[in-house]
Structure formats: structure tokens, C-alpha cells
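Student: Spelled out, the chains give:
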Amino acid sequence: MKGPSEEFFRFEGDFSAVAIDWLTSEVRQKMEAVPVAPRARARIFASFVEMTQNILHYSEPDGARGRRRSGAIALGRDSDGYFVTSRNPVRGVHAERLRARLDRIRTMGPDEISAEYRRGLAAGPDRAADPLSRGAGLGLLSIARTAYGALSYRLDPSIPGGGEPYTFSLRATVRAGESA
Amino acid sequence: MTHFQLLRSKITPLVQLDGVSNRLVFEGDCYPENPVAFFGPFLQAVEAHLDSARPDEFVADFRLRYVNSASTVTLHRLFTLLDRAAERGARVHVNWMHDPDDDVNEELGYDLSRDCRHVAVVHVADADA
Numbered sequence: 028m029k030g031p032s033e034e035f036f037r038f039e040g041d042f043s044a045v046a047i048d049w050l051t052s053e054v055r056q057k058m059e060a061v062p063v064a065p066r067a068r069a070r071i072f073a074s075f076v077e078m079t080q081n082i083l084h085y086s087e088p089d090g091a092r093g094r095r096r097s098g099a100i101a102l103g104r105d106s107d108g109y110f111v112t113s114r115n116p117v118r119g120v121h122a123e124r125l126r127a128r129l130d131r132i133r134t135m136g137p138d139e140i141s142a143e144y145r146r147g148l149a150a151g152p153d154r155a156a157d158p159l160s161r162g163a164g165l166g167l168l169s170i171a172r173t174a175y176g177a178l179s180y181r182l183d184p185s186i187p188g189g190g191e192p193y194t195f196s197l198r199a200t201v202r203a204g205e206s207a
Numbered sequence: 352m353t354h355f356q357l358l359r360s361k362i363t364p365l366v367q368l369d370g371v372s373n374r375l376v377f378e379g380d381c382y383p384e385n386p387v388a389f390f391g392p393f394l395q396a397v398e399a400h401l402d403s404a405r406p407d408e409f410v411a412d413f414r415l416r417y418v419n420s421a422s423t424v425t426l427h428r429l430f431t432l433l434d435r436a437a438e439r440g441a442r443v444h445v446n447w448m449h450d451p452d453d454d455v456n457e458e459l460g461y462d463l464s465r466d467c468r469h470v471a472v473v474h475v476a477d478a479d480a
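Sequences listed follow chains A and B, in order.
Start counting the first sequence at 28; every next residue gets the next number (my numbering).
Start counting the second sequence at 352; every next residue gets the next number (my numbering).
These are calculated hints, taken from the structure and not from any lab test.
Each hint should be verified, as a subset may be incorrect.
[To be verified] Computed list of lysine to aspartate or glutamate pairs in EDC-like fashion (alpha-carbon distance at most 20 Å, straight line):
| hint | chain 1 | residue 1 | chain 2 | residue 2 |
| --- | --- | --- | --- | --- |
| 1 | B | Lys361 | A | Glu59 |
| 2 | B | Lys361 | A | Asp48 |
| 3 | B | Lys361 | B | Glu384 |
| 4 | A | Lys57 | B | Asp412 |
| 5 | B | Lys361 | A | Asp183 |
| 6 | A | Lys57 | A | Asp105 |
| 7 | A | Lys57 | A | Glu39 |
| 8 | B | Lys361 | B | Glu378 |
| 9 | A | Lys57 | A | Glu33 |
| 10 | B | Lys361 | B | Asp462 |
| 11 | A | Lys57 | A | Asp89 |
As the structure is a computational prediction, the values presented were derived from the model and not from experiment.
Please model the entire structure based on the sequences and the hints provided.
Tutor: Here is the structure:
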């Protein structure tokens, strides 16, 4: 049974208008104030930035509001340690890509994740392998690598039975000790 | 002589190439949204300097805090350039300094070193990193 879950940081709204340096400064201050265990801070921060940059890159702009990219990101504490969650709308094509990628990563153990990360690092930004990726396809792997246990995610269609945009939610658990 | 510098910002590190003392420094946070564009000119300057000046000795100091995944690819390219210079005969020293509590950064240092055949990378746990 899960113990109580407590959020200590949340940002929700228009990510395109937010300076990432402001958001990340806030998170670092918050982790000191809480305080988060020193050995968990770097891991939480890493997942926080990767998720934030994913929202900036892949969140489906709200047509009615021009190019604005909205989403939510939160940090908190629960019985497993700490968690980092994000939520944002994505187009169908990105939903499929995320599902394929996350389903694969979720089957991998820590050593496999590290090995795949190192292969990606050496290969560089290979757009041919994943033309939709704006990074080097390393973002989700790096989140998985710092997480404890498998990443969990949801892709909820905007209308029952399917339909874009999908709402993509991602959650990583972080512990102060060893990963995996 | 080559001298290249990018000033530190909240999300990008101080980046320096001193072609006179043959030293390179990376210091601070490193999570630009588009690292390929951001670091492109710097990588070109390093490559040009190593190719043309052919220094006997070269020192690279990395004192980074958080590095986003997209930037790690750029760092890997930089390590490849340094390794190539070492292969041609330069004595290249790479120092990777990380906060003792930051095992993400520590692991990145080892990942980047893995493909280096000619450069010895020194890993230092440093509370001031």
C-alpha cells in the first residue's frame, strides 16, 4: 500500500512564456528548503529539466492561443522516496513514438538502460533513427537511468476511444540511494 | 592565437579555450535548449586549434553541475577531439570534477571517458564543483 504523497513544487501553465532559468532556480531553492536528501537532488533536478525541455519541445501548441505550449510539472515525496511528474498534450504522431519508446525502456534493466544511453551518446544526434526526436533520443533514457524502478506513463485520448491531442503523463520515482 | 570564450549564464557554462596556455575550461550548469547550435562554434574553434597549433600539451578542466542529455552528445564530441589530439602525440590531460553528492555527474564523467583510448581522464570528487 502506498503511503501519503505530498507535492512540494508544482508549475502549471504556459511553458513557452516561462524562462527555464527561473523555473530551475525555484526548484533548486525548494529542494534546499524542504530539504531533499543531498544525494537525491541531482537526480530530481535532472529529471525535472529533461521533462521541462520535453514539454517545450513536444507539447502540442494550443491552437486557440497561438504557439503557446502548456503543461504541468510537479515534484513531491511519497513512500517510495521522491517523484517527478509531468503532463502535457501531444499529437498522435508523438503519442505513438512515446508509447513505443517508453514500452521498450520499461522492459529494460538498469544495465541495459545504461548501455543504450552510452550507445546514443557515441552515435550523436541521429535524426535518421528517430526523425521526430529533437535531442538525441537520450532524454527519456536519462530520466529512466536516474529513476528508481520503471517509469510510469499514461496517454489519454482527448475523446473516449481515441483522438488527438493525447494527454501525456510521465512519472519517475527518485531515491537518494542506489538507482534501479 | 585562438582565444574563445562564452560567458556563464544560469543555464550555460563558462566555456573557454585559451590557445596560448593550451587550456580549456567548462564550468557551471549546462542545459541550453539547442546545444548543437550553442556549442557548435566552440567545437569548431577547439578542432581548428588542435589541428593547426598541434600543441605538445593540452589541459581540459570540466567543473560542471547539471548537464542535460542533449548537451552530453556535444561533450562526447569534444572528448573525441581531445582523444584524437592525444592519438597524434599531444599529452592531453582531462580533469572531470564533480560534487561528491552528485552521482549523475560522476557517472557522466565515466561515460564520456569510456571511448577515450589515448587520454587519461582524472575524476575528482570536489565539494566546490
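Student: Evaluate each hint against the coordinates.
Tutor: Consistency of the hints with the structure:
1. Lys361(B) <-> Glu59(A): With a Cα-Cα distance of about 18 Å, the restraint between lysine 361(B) and glutamate 59(A) holds, given a limit of 20 Å.
2. Lys361(B) <-> Asp48(A): Judged against 20 Å, a Cα distance of about 6 Å means the pair holds.
3. Lys361(B) <-> Glu384(B): holds (13 Å)
4. Lys57(A) <-> Asp412(B): The hint is violated at about 30 Å.
5. Lys361(B) <-> Asp183(A): violated (35 Å)
6. Lys57(A) <-> Asp105(A): Holds, because 16 Å separates the two Cα atoms, which is no more than 20 Å.
7. Lys57(A) <-> Glu39(A): Roughly 16 Å between the alpha carbons, so the hint for lysine 57(A) and glutamate 39(A) holds.
8. Lys361(B) <-> Glu378(B): Roughly 11 Å separates the two Cα atoms, so the pair holds.
9. Lys57(A) <-> Glu33(A): Judged against 20 Å, a Cα distance of about 14 Å means the pair holds.
10. Lys361(B) <-> Asp462(B): violated (25 Å)
11. Lys57(A) <-> Asp89(A): Violated, at about 30 Å.
Hint compliance for this structure: hints 4, 5, 10 and 11 are broken, all remaining hints hold.
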